[in-house]
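Undergrad: For reference, the chains in residue letters:
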Amino acid sequence: MRLELRGITKRYGALVANDGISLDVEPGQIHALLGENGAGKSTLMNVLYGLTPPDEGEILVDGRPITLRSPKDAIAAGFGMVHQHFMLVPVFTVAENVSLGEERTRRLRLPERIGPVKLPGLPSIPSPMGLLDHRAMRRQVRELSETYGLRVDPDARIEELPVGVQQRVEIIKALVRQANVLILDEPTSVLTPGETEELFTIMRQLKASGRSIIFISHKLKEVQEIADVVTIIRRGKVVGQRPPTATDEELAALMVGRQVALRVSKAPAKPEDVVLEVSDLRVDDERGHRAVDGVSFEVRAGEILGIAGVQGNGQTELCETLMGLLSAVGGSVQLDGRDITADTPRQRIRRGIGYVPEDRQADGLVATFSVADNMILDVFDRPPFARGIALNLAAAEKNATGKVEQFDVRTTSVETPVGTLSGGNQQKVILARELGRDLRVLVASQPTRGLDVGSIEFVHKRIIEERDKGIAVIIISAELDEIYALADRIAVMYEGRITGFRPPTVPVEELGMLMAGAGAGAGAGAENGAAPASDEPAGESS
Amino acid sequence: MSEEPAASEQPIAPDEEPVTAPDPAALDLTGGSPDVPAAAPGERTRQPFGRILIQSIVEGNSVVVTVLAIIVAIVVGGLLIAFTDPTVLSAWSHFFSDPGHAIAQAWDSAAGAYVAMFEGSIFNPHTVAAVFQQKSLGTAFSDGTVSQVFSPISETAVNATPLIFAGLSVALAFRAGLFNIGAQSQFIGGAILCTWLGFGISLPPFIHVVVCVLGAFVGGAILGWLVGALKAYTGAHEVIVTIMLNYVMAYFLSWVLGTSAMQRPGRSDLISPVIANDARLPLLLGSGLRVNASFLLALACAVGVWWLLTRSTIGFEFRSVGANPNAARSAGISVTRSWIWVMLIAGGLAGLASTAVIQGTDFSLTFQSYGTYGIDAITVALLGRARPLGVVLAALLFGALHAGGIAMQASTSTPLTITTVIQSLVVLFVAAPPLIRAIFRLHKATARGAGQSLAKGWNG
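Top to bottom, those sequences are chains C and X. Under this note's numbering, think of the first position of the first sequence as 1, with each following residue one higher. Under this note's numbering, think of the first position of the second sequence as 1001, with each following residue one higher.
No lab work stands behind these hints, which were simulated from the structure alone. Be aware that a few hints might be false.
With a cut-off of at most 25 Å between alpha-carbon atoms, the simulated SDA-like pairs for lysine to any residue come out as follows [stated by the list, open to error]:
no.	chain 1	residue 1	chain 2	residue 2
1	C	Lys-219	C	Pro-504
2	C	Lys-398	X	Leu-1435
3	C	Lys-469	C	Glu-249
4	C	Lys-469	C	Ser-265
5	C	Lys-266	C	Asp-438
6	C	Lys-72	X	Leu-1435
7	C	Lys-237	C	Ala-395
8	C	Lys-221	C	Leu-191
9	C	Lys-398	X	Thr-1310
10	C	Lys-461	C	Glu-249
11	C	Lys-398	X	Trp-1307
12	C	Lys-219	C	Gly-164
Take these sequences, add in the hints, and give me the full structure.
TA: Shown next, in the form of structure tokens:
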């Protein structure tokens, strides 16, 4: 099926979210839409999926113009959409979710006179006393799953499945509805690197079967890897179309509208005294499993320690323990030689630990609070923001106005609820708050996850600036690019342990081995310990 | 593909980007929210149902929806009044022979009931006429015809006062993310202490009033603190604890009123001695009207709660704990301490509701003095969208409905229970904003902040 968009324009009041966008998607093509958050990609897809009617322009399928009034029309036209936030019922099984809306039924044999029930204003009930045909539903899922290598168990309950599998269920849902054009909206933003690879394999198989895929993303690497054609959108307009062989710099420049440094330049670290010392830390997670199992490291002033590792190997718990959100089962954390293992989060904040949490919306911000309120979330009870128990709103506003400018937060005002800002701007609000205090240590977990190229550059720059001011920085990231870009020293975590410390010159393959647990043995640690010994002789084998 | 060769081949100059270019934040405010910020990837934050409910009540409803809900409730209530009236029904049985009569009967019935309600709760023109029939203004004051003019409004205020206190209690807890279903138990706690201080000790006039009021606050605060502490230290859910405490306190009240310490001498039923005259709250508009200082105290508390929530560090803590406890904790706020404090203050406020009853109107405690204030407080807080001003207005509305309902029952054949029906309808419609929006073809409120967690998904 050949899909053409002709001059799609969509306005929201004075703002033009889509400005005359034209796009051709050939059958069997993976067409990437590249653009920053807020560039208008999602609006375009909502137009294509019948969720918002365009103000101008037309959509052609195989040369025939079609009108989409609702997602139903879009589905009928052969479009399938996988949203960033899945539309699944958590307590239903895969098969039930897939068939939801078009349940297969078996006819219960009833006397004819009962006949199909029709109520005015309601969709007709397909078959009287129709019984759900679970067997057919399961079979359908199994067949599709086998055809495309999706590996989904039709009887698994959604809530028990990892995110990557849930996404595949969404894909199956679209396939069951005969989708010829699959729209994947930022599909990789919720996936681990491994899951992303699996998704790409599936996408290639779908492509081989003649389906076309519109792949929305702001990640250059992925686009280059999977797409056949890359269309770049900026501020609602198509600013260019490139083959996937285009360079990072070219794509990034088109996306952001200026030259972007993909790798922020930084001077060599000048490590000074040890600021934070973690020794033999052991932490249990909520379910009582040992999540951090005897981790020891130290961070010096003026250096960045990057903690690499596949997500879920204890990094989250390590972070939360450093902040006092989880309590350690054993071991100690020392800040400037003082034991802070038993301190509350507030005491640690007062002692100068800054924290950029992994999940900014869940742990970093109060979405309904204004930008100004979020910027004083950790200092609201101290002068100048508090006089006794009275808040000084003027001081909070002044503080926010200054920081909005300093950190280039794009917001209409400091009174805007922070939940309405884009991800990058939300992250800037957190950084502005955390870096606004006198810090000794900055703990930043996944500081650029979900951010676009321009914001990543900004966040990385600020983190390096903090390092150069003499702050001890810990970066926890699952993205190796980020670790390489920032870290002066790399520690790799695997199953709650640190499997090795390496200098940032370490080859990716070696890090990959460590992330898979290969360096856990004492031999590897001792053998490689000699190489980075110049800046970190001790630590890994303790 | 080659539709826009010019655009696609344009070199990207750094100065191309306009300074005032629309940014994503601005886009989001337009209501269409083309690019709602990506949720934290990886895990989807699963919010408990309770928090979503609280937030959609606090954030979701606009004032317009609330007002329209009240209007719809009154209209539906009117239909109910009309069509439960036997004369109307008999007129409608002859609808086809005389449709005008049937409709007129229905109108008369509903309008008559509402007029009686209005006269009983706000203003009765006949009382003004009575004033002018007096020989002079002096005699009008002395024989009470002037106070008759203000009698309806006074009754509305009297009925609203306990609801303001208790509604503030529920609303405050709401804002910190807690459901305080226990205003009843806190009321009882306050009432017992207040009554005992009222008849058990003797103090100079003004001081006695103050001591009793403080006693009511402390009595409620102890019960509120208990709930907060149980939640903070053991994780017991406040809804279960407060509901159970309602029973515990109701039975405790029955027991304590039967003991020699609290039972009125010479009585076998469950009633306390009358409190001392010194402990009674001063009347505001003379002896003929029941409105008393507790109404002013309630308004002062509303201002106090407003200040606490919006202008104090404590309220900032409460609100952040209510809106996102994880972020609050990460920012160094002690969530458990906030729970304890907010329940302590909320309990105290519910306790204060008992002063309006014990020191303001009844002067003694019975085994059912707590009435339905505990449940009504929840509806008042919901209707007032958990905001102090909203609570005051909602409490006044309910107070007026109650005061008017009594007058209505006296002068028309409509039973008092219809006011309960109207109250319930108001809450029903407020709780179902989509229904109201559909009836009045309102556009959906812009999803922002917490509402987003419900609204997003289509945007990504």
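Undergrad: Which of the listed hints are not met by the structure?
TA: 2, 3 and 7
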